[in-house]
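Chains X and D supply the protein sequences, listed in that same order. Just so you know, this note's numbering puts 214 at position 214 of the first sequence, and the rest follows in order with no gaps. Just so you know, this note's numbering puts 59 at position 59 of the second sequence, and the rest follows in order with no gaps.
Misleading hints may appear alongside valid ones.
Stated by the list, open to error - Interface residues of chain D toward chain X, partial, derived using beta-carbon atoms under 8 Å:
1. Met-1
2. Asp-88
3. Leu-89
4. Asp-90
5. Pro-111
No wet-lab data here; the hints were simulated from the structure. None of the values given here were measured: they were computed from a predicted structure. Beta carbons: idealized from backbone N, C-alpha and C, even for Gly.
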Amino acid sequence: MSASAHDRLQAVLRTDRARILSSLIRTCGGDFDLAEEALHDAVVAATTQWPQRGVPDTLDAWLLQTARHKAIDAIRHDHHKREKLDELGYAPEVLHEEEELAPIPYDMLRLIFTCCHPALSEEARLALTLRTVVGLPTSDIARAFLVTEQTMAQRLVRAKKKIRDARIPYRVPERGDMPERLETVLLVIYLVFNEGYSASSGEQVVRRELCAHAIHIGRILSELMADETEVLGLLALMLLQDSRCEARTNEEGDLVLLRDQNRSLWDRVQIEEGLRLSSCVQGGESHGAYAIQASIAAEHARANHADDTDWREIVRLYRELLRVRPTPVVALNHAVATAMAYGAEEGLRLVDALREDLDEYGPFHASRADFCRTMERWDEAADAYERAIALSTNEPERRFLEGRLREAREASSN
Amino acid sequence: MQYLLLIYEDEKALHDRDEKTRIQVFDEYQAFTASVREADQFVAADALQPTTTATSVRVRDGRAITTDGPFAETKEQLGGFYLVQAKDLDEAISIAARIPSARFGTIEVRPIMTFG
């Protein structure tokens with residue numbers, strides 16, 4: 001196969017595979033497997049035909065139409081498939097009448113909402129979204145979530161089986177269901193992002209790349225749902241958090257706190273886009289949780305130096321966040337911001353009220369320890385650091401806390 | 001496609017419910033059933049007598065073993081069902097969400113197996 005035709009096929013698959021697949025799944029009556037097989041056959045056809053007959057003018061339309069014909073043939077030869085699709089009103093004749101030649105943007109929304117359907121388990125949603133919307137190979141997804149490829153492959157098979165057997169419809173939810181359904185989509189995207197964000201520099205690249213994949217899905221969603229403030233808010237939040245990526249760990253792979261980060265390592269392009277999106281959202285009336293969190297991240301991004309941070313504004317924003325998301329973790333973050341704005345004693349007072357809810361949560365003890373450290377209450381700090389270390393879930397964080405514990409013990413004995 | 005909507009509720013809480021709420025829920029069920037019939041979604045429905053009346057039967061090595069009670073002790077118990085016709089899971093879920101017991105207990109939505 002000539003280099004040019006091969007390159008162009010690879011290029012269109014890289015950029016358009018998800019879009020083509022999203023439209024194909026619709027015309028296959030919501031059958032993911034049928035669509036994937038048909039697309040695979042169309043790609044095989046391209047590798048033989050394009051060098052001989054030349055590369056077509058619109059590559060994505062060619063692939064979509066060819067795959068459609070392959071799907072129609074497959075349905076004709078499999079009478080079970082045919083019966084099922086007839087029942088749904090997707091007879092081959094109907095497929096032939098399909099007027100849209102190229103992928104429809106709206107089909108991407110159908111795909112995203114179906115992959116994130118609440119009837120699928122959370123891990124199924126993550127896997128299916130990364131596989132079909134991002135196009136990650138199963139092996140990469142497996143490594144990203146630290147399971148074997150076989151486990152991940154089975155997870156995908158089960159998810160598609162549930163879609164088929166329970167008949168999860170391939171559609172964008174109706175207005176009435178939209179708030180709840182959009183929330184599940186945004187949560188899936190943010191979960192993917194956090195898996196990548198919490199992966200340290202010592203871990204595999206494929207884990208840290210999850211941030212880029214989450215942002216990619218966020219962008220698609222923001223283009224298709226440009227008037228949803230939470231969609232824009234989430235994208236802004238992810239861009240602003242991701243902008244600090246390079247500064248979060250040092251050469252030894254140790255954690256660097258926000259206040260100690262070298263801000264010249266922050267990605268200014270991402271910050272600019274994040275700030276722009278965030279202020280877009282600020283203009284509106286109701287502020288959802290992601291929009292508020294984006295505003296908080298924006299406050300950090302705007303400060304050229306840690307000392308320039310407007311902590312009082314951040315405290316105000318956390319109070320707003322507590323109204324829409326009254327959880328103990330948000331209350332903890334509010335307490336930390338309060339300490340920065342109004343002193344460690346204030347922070348400690350607020351944080352101690354959360355003990356019952358957060359006693360098993362590492363960051364609770366780490367924050368308490370930090371306040372005690374600021375107030376030079378070394379014994380209390382040491383105890384709290386010990387608790388935090390016992391509950392820590394990642395290596396760089398543990399090393400950091402152990403360093404603080406040593407310091408507290410030393411100061412205590414002096 | 002048909003779905004079986006299984007209604008699970010805490011029987012004790014149900015038993016302790018005050019008369020006023022009991023009547024209100026009963027009325028809601030009447031209205032709900034009527035609306036499902038109206039929408040051509042109704043296939044069948046029934047309430048079950050409580051699990052104190054249940055008997056479990058197992059046949060092992062050719063012997064029927066009969067015991068008092070439901071097949072498993074659960075926090076919420078099966079109290080009734082609706083068998084409905086719906087075009088997809090979303091439609092079945094929206095019917096299930098309108099079942100009056102949904103706000104007290106749990107509705108399990110199960111597609112009916114189709115063979116062939």
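- prompt: Which of the numbered hints above does this structure break?
  reply: Per hint list: zero violations.
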